[in-house]
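Take the sequences, apply the hints, and build the full model.
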Amino acid sequence: MKLNLKVWRQKNNDSKGSFETHTVNASEHMSFLEMMDVLNERLISEKKDPVAFEHDCREGICGACSMVINGRPHGPQQGTTTCQLHMRKFKDGDTIVVEPFRAKAFPILKDLVVDRSAFDRIIQSGGYISVNTGQATDGNSVPIEKDLALKAFDAAQCIGCGACAAACPNGSAMLFTSAKVSHLGLLPQGEVEHTKRVQSMVAQMDEEGFGFCSNIGACEVECPKEISTENIARMNRDYFKASLVSE
Amino acid sequence: MSLTGLFLILFLVVHLIGNLQLLSNDEGKAFNIYTDFMSHNPVIQLIAKGNYFFILLHAIMGILLAVKNKNAKGSKYAVSPNNKTSWASNNMALLGTLIFAFLLMHMGHFWFQFKWGSGLPMVNYDGVEMINAYAKVTTVMSQPIWMVAYLIGLLVLAFHLWHGFASAFQSLGLRHKKYTPIIEGLGKAYSILVPLGFAILPLYIFFTQS
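So the protein sequences, as listed, match chains A and B.
Under this note's numbering, read the first sequence as residues 1 to 247, first letter to last.
Under this note's numbering, read the second sequence as residues 1 to 210, first letter to last.
Keep in mind that the hints are not guaranteed to be accurate.
[Said to hold, decoys possible] Covered, in the sense of this in silico footprint (three residues per stretch, anywhere, with C-beta under 8 Å from a C-beta of chain B), are these stretches of chain A: (1) 52-65; (2) 170-178.
[Claimed, not checked] As a list, the in silico DSS-like pairs of lysine-lysine whose alpha-carbon atoms are at most 30 Å apart: (3) B:Lys-84 to A:Lys-2; (4) A:Lys-110 to B:Lys-68; (5) A:Lys-6 to A:Lys-91; (6) A:Lys-48 to A:Lys-11; (7) A:Lys-91 to B:Lys-76; (8) B:Lys-115 to A:Lys-110; (9) B:Lys-49 to B:Lys-136; (10) A:Lys-151 to A:Lys-241; (11) A:Lys-110 to A:Lys-89; (12) A:Lys-151 to B:Lys-178; (13) B:Lys-188 to A:Lys-11; (14) A:Lys-110 to A:Lys-146; (15) A:Lys-196 to A:Lys-151; (16) B:Lys-84 to B:Lys-29; (17) A:Lys-6 to B:Lys-76; (18) B:Lys-29 to B:Lys-49; (19) A:Lys-16 to B:Lys-76; (20) A:Lys-241 to B:Lys-188; (21) A:Lys-104 to B:Lys-115; (22) B:Lys-84 to A:Lys-151; (23) B:Lys-29 to A:Lys-196; (24) B:Lys-84 to A:Lys-6; (25) B:Lys-136 to B:Lys-29; (26) B:Lys-84 to A:Lys-89; (27) A:Lys-110 to A:Lys-6; (28) A:Lys-146 to A:Lys-47; (29) A:Lys-11 to B:Lys-76; (30) A:Lys-146 to A:Lys-91; (31) B:Lys-70 to A:Lys-6; (32) B:Lys-177 to A:Lys-241; (33) A:Lys-89 to A:Lys-2; (34) A:Lys-11 to B:Lys-68; (35) B:Lys-115 to B:Lys-136; (36) A:Lys-241 to A:Lys-146; (37) A:Lys-11 to A:Lys-47; (38) B:Lys-84 to A:Lys-104; (39) B:Lys-76 to A:Lys-48; (40) A:Lys-91 to A:Lys-2.
Hints were generated in silico from the structure; no laboratory data involved.
Note that the structure is predicted; figures quoted are calculated from it, not measured.
Ideal Cβ positions, reconstructed from N, Cα and C, are used throughout, including at glycine.
As structure tokens, this is what we get:
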């Protein structure tokens with residue numbers, strides 16, 4: 001299949017970027033990243049600068065790939081990362097617009113690569129439990145209500161890719177932060193520090209310059225792990241509670 | 001935004017119930033007595049002051065939020081996402097600004113006139129002299145331009161409420177498997193029925209007066 005690619009090229013965060021048009025011959029069995037590899041192989045053979053983009057596991061679990069394809073983070077397929085998006089989702093002759101994640105807190109490093117360390121700092125501010133849980137214990141030795149375990153697990157599926165903040169017209173990181181707060185706070189091991197955690201993670205999120213949530217819901221639609229905005233409501237609720245009870 | 005918004009949602013219901021008296025077939029007597037009571041009762045006056053305050057607070061917070069969020073986004077995408085989020089949710093600031101403009105027009109037509117206007121139509125019921133608010137309303141609403149302007153304003157309000165009602169509950173963390181679908185349903189019903197209830201008034205007056 002023959003595709004027209006409009007790829008965003010930008011030297012660094014201070015320079016002004018623009019679109020560059022390329023024609024790529026791809027197979028419909030390729031993943032989107034493999035199609036980008038084909039483009040880059042050609043650019044390298046032509047002694048041109050290849051398009052910088054992030055990737056790692058290429059199986060949808062690491063959260064490294066981060067492109068916005070036709071206006072949608074991770075492309076048009078629901079619940080899928082860019083690496084798992086296949087070219088059969090596109091048609092021969094399609095024009096595909098590829099942009100980097102756009103949010104002020106995600107400065108562009110080069111082309112499609114953005115600095116997502118703001119998420120790392122949110123995690124560092126409270127996304128841990130400080131007790132030593134030791135070795136993995138026998139199943140069911142810590143009794144956890146099934147419903148809570150499922151909710152915590154749903155939240156724990158967040159791979160921290162940043163698609164939520166990229167999709168949000170407000171550049172808000174509420175879905176990510178709330179998923180982390182929920183995943184730890186719902187389980188007995190993380191419950192102890194929950195009050196402190198929700199406050200420090202929200203404070204860090206604000207400090208990083210992410211926008212405020214206005215419940216548009218684009219994050220939930222674009223999340224490759226389909227994390228629910230139910231987590232945002234839980235974080236809001238817990239944040240109010242924490243503000244009332246904390247010293 | 002959520003607390004002030006919910007207060008204003010309550011206010012709209014009270015405002016609508018009062019205004020529905022315009023429909024009673026008594027040449028405005030019930031409505032005039034009602035407006036006279038509302039403008040002279042000290043408790044109502046205090047609530048009215050609170051209402052102005054909450055409207056301004058909601059608007060100011062909305063502006064600050066919109067500015068902060070616009071900065072946080074930085075640049076926009078070249079392709080618009082087309083991702084099934086509601087148009088109203090994406091345009092709350094625009095809708096809010098239009099509602100504010102509508103409010104200025106509305107206050108200019110009535111509130112400002114009743115407070116500082118001269119040559120107001122008066123009416124006398126059982127020896128009590130009061131402003132003939134009904135006459136004032138019918139004068140405004142029987143002009144096509146204002147009738148249409150009110151209808152547009154109410155349409156904008158409907159879109160604002162379409163998102164705002166349920167969103168307020170989500171922001172307060174009030175989300176529940178059982179109750180959230182009810183709240184969302186109520187929000188949709190409210191955002192259609194309340195503006196529709198208001199819209200009946202200019203239409204009714206326009207078509208019965210002319």
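Agreement of Lys-104 of chain A and Lys-115 of chain B with the hint, judged by alpha carbon distance not exceeding 30 Å: 47 Å, violated
Distance restraint between Lys-177 of chain B and Lys-241 of chain A, which requires alpha-carbon spacing of 30 Å or less: 20 Å, holds
Please verify whether Lys-11 of chain A and Lys-47 of chain A have alpha carbons no more than 30 Å apart. OK: Lys-11 of chain A and Lys-47 of chain A at ~17 Å, within 30 Å.
Does the alpha-carbon distance linking Lys-115 of chain B and Lys-136 of chain B stay inside the 30 Å limit? Since the Cα atoms of Lys-115 of chain B and Lys-136 of chain B sit roughly 13 Å apart, the hinted pair holds (cutoff 30 Å).
So if I understand the rule, the pair passes when the alpha-carbon distance is 30 Å or less; does Lys-84 of chain B with Lys-89 of chain A pass? 19 Å, holds
Quick one, are Lys-70 of chain B and Lys-6 of chain A close enough, alpha carbons at most 30 Å? Since the Cα atoms of Lys-70 of chain B and Lys-6 of chain A sit roughly 25 Å apart, the hinted pair holds (cutoff 30 Å).
Below or equal to 30 Å on CA atoms is what counts here, so check Lys-110 of chain A against Lys-6 of chain A. 16 Å, holds
Taking only the CA atoms, is the gap from Lys-84 of chain B to Lys-6 of chain A under or equal to 30 Å? Measuring from Cα to Cα gives roughly 24 Å; hence the hint holds.
Under the criterion that the straight-line Cα-Cα distance not exceed 30 Å, is the pair Lys-188 of chain B, Lys-11 of chain A satisfied? Not satisfied, since the Cα-Cα distance of roughly 47 Å exceeds 30 Å.
Quick one, are Lys-110 of chain A and Lys-68 of chain B close enough, alpha carbons at most 30 Å? 26 Å, holds
Against the 30 Å threshold, does the CA-CA distance of Lys-110 of chain A and Lys-89 of chain A hold or violate the hint? This hinted pair holds, its Cα atoms lying about 27 Å apart.
Please work out if Lys-29 of chain B and Lys-196 of chain A have their alpha carbons no farther apart than 30 Å. 60 Å, violated
Checked against the numbered hints above, the structure violates hints 1, 8, 13, 14, 16, 21, 23, 28, 30; every other hint is satisfied.
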